[in-house]
Amino acid sequence: MRKSLLIGLLSFVAAAQPPKITYQTPNTFYLGENITPLEPVNSGGIVEQARIVTTFAGAGIPGSADGQGALASFNLPTVVTIGNGILYVVDRSNNKIRKITEDGNVSTFAGTGAFGSADGAGNAATFFYPDGAVADSQGNLFVSDQSNHKIRKITPDGIVTTFAGSGSIGPVDGQGAEASFYYPAGMAIDNADNLYIADYGNNKIRKITAAGLVTTFAGTGAAGAANAPALAATFNGPTGVAVDADGNVFVADYYNHMIRKIALSGDVSTIAGSGIEGFADGTAAESQFDHPAIVTV
73 MRKSLLIGLL
83 SFVAAAQPPK
93 ITYQTPNTFY
103 LGENITPLEP
113 VNSGGIVEQA
123 RIVTTFAGAG
133 IPGSADGQGA
143 LASFNLPTVV
153 TIGNGILYVV
163 DRSNNKIRKI
173 TEDGNVSTFA
183 GTGAFGSADG
193 AGNAATFFYP
203 DGAVADSQGN
213 LFVSDQSNHK
223 IRKITPDGIV
233 TTFAGSGSIG
243 PVDGQGAEAS
253 FYYPAGMAID
263 NADNLYIADY
273 GNNKIRKITA
283 AGLVTTFAGT
293 GAAGAANAPA
303 LAATFNGPTG
313 VAVDADGNVF
323 VADYYNHMIR
333 KIALSGDVST
343 IAGSGIEGFA
353 DGTAAESQFD
363 HPAIVTV
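Reading the sequence shown from the start, the letters are residues 73 to 369 in my numbering.
If you're looking for bench data, these hints aren't it; they were derived computationally from the structure. Wrong hints could be hidden among the right ones.
[What the hints assert, rightly or not] Using 25 Å as the maximum straight-line C-alpha spacing, the simulated DSS-like pairs for lysine-lysine come out as follows:
no., residue 1, residue 2
1, K225, K279
2, K333, K279
3, K171, K225
Note that the structure is a prediction, hence the values are computed from the model and not measured.
Build out the structure end to end from the sequences listed, making use of the hints.
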């Protein structure tokens with residue numbers, strides 16, 4: 073099967089956060105706000121034709137109203153992901169996780185809207201600028217609760233718990249709440265339900281097993297662009313992460329203006345981006361990106 077690597081580029085003010093993209097076969101893409109441009113590129117290097125874009129939900133003005141399609145409102149939605157056939161939206165500035173059914177009905181799945189880190193059932197839980205999300209094979213939703221420096225878990229019936237992270241800033245590996253993060257951002261999941269986290273502030277890619285064990289998958293923690301075996305490689309503000317069916321991990325390396333690959337062997341390489349900020353097309357070494365924030369396969 074032909075693979076497509078999708079790279080989203082965006083420009084945003086310092087206070088804004090990178091939006092994310094989710095792909096649903098055969099050819100439907102769900103986008104957060106402010107992605108410009110979106111270029112589907114197939115494995116042969118051909119830029120495919122853009123598809124017809126419609127508004128599925130949202131009035132286009134900031135708000136938190138539930139409702140059908142355009143009657144609903146969001147406030148800086150940053151990521152969409154699919155679990156058990158349901159579209160989940162990380163509604164960042166509303167501190168909520170929203171749910172959209174196939175017919176476009178929007179409801180609040182979790183979060184009161186207040187800032188906080190309370191676990192609980194559905195609307196009793198609180199978040200602090202949630203950023204990334206991904207669903208596992210059982211329909212559980214995992215959310216990178218960025219300003220709480222935690223990874224939260226939401227069961228299909230809406231029970232929110234803290235899956236990993238003490239809430240303190242740091243790079244500590246360990247089981248569940250023993251571990252620490254520093255503004256965790258994009259998330260991905262492999263066939264064994266292992267999570268991969270772009271740990272933005274720590275300049276690392278972290279891995280969390282289905283049992284909740286957090287380890288450093290790649291990155292020394294220093295800011296840099298060194299290609300090397302995983303734990304000797306460096307990143308600079310990684311924000312997006314994706315994993316393919318073979319277990320290769322791809323990283324949108326934000327401040328390096330590069331797309332990096334972590335192979336099954338553990339070796340980190342740069343697969344696109346010269347490191348110079350820009351928008352030039354070309355070979356891997358010639359191409360340019362302007363703060364790439366998302367990547368998906």
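Checked hints:
no.: 1; hint: K225 - K279; in the structure: holds, 15 Å
no.: 2; hint: K333 - K279; in the structure: holds, 15 Å
no.: 3; hint: K171 - K225; in the structure: holds, 15 Å
In summary, this structure violates none of the numbered hints.
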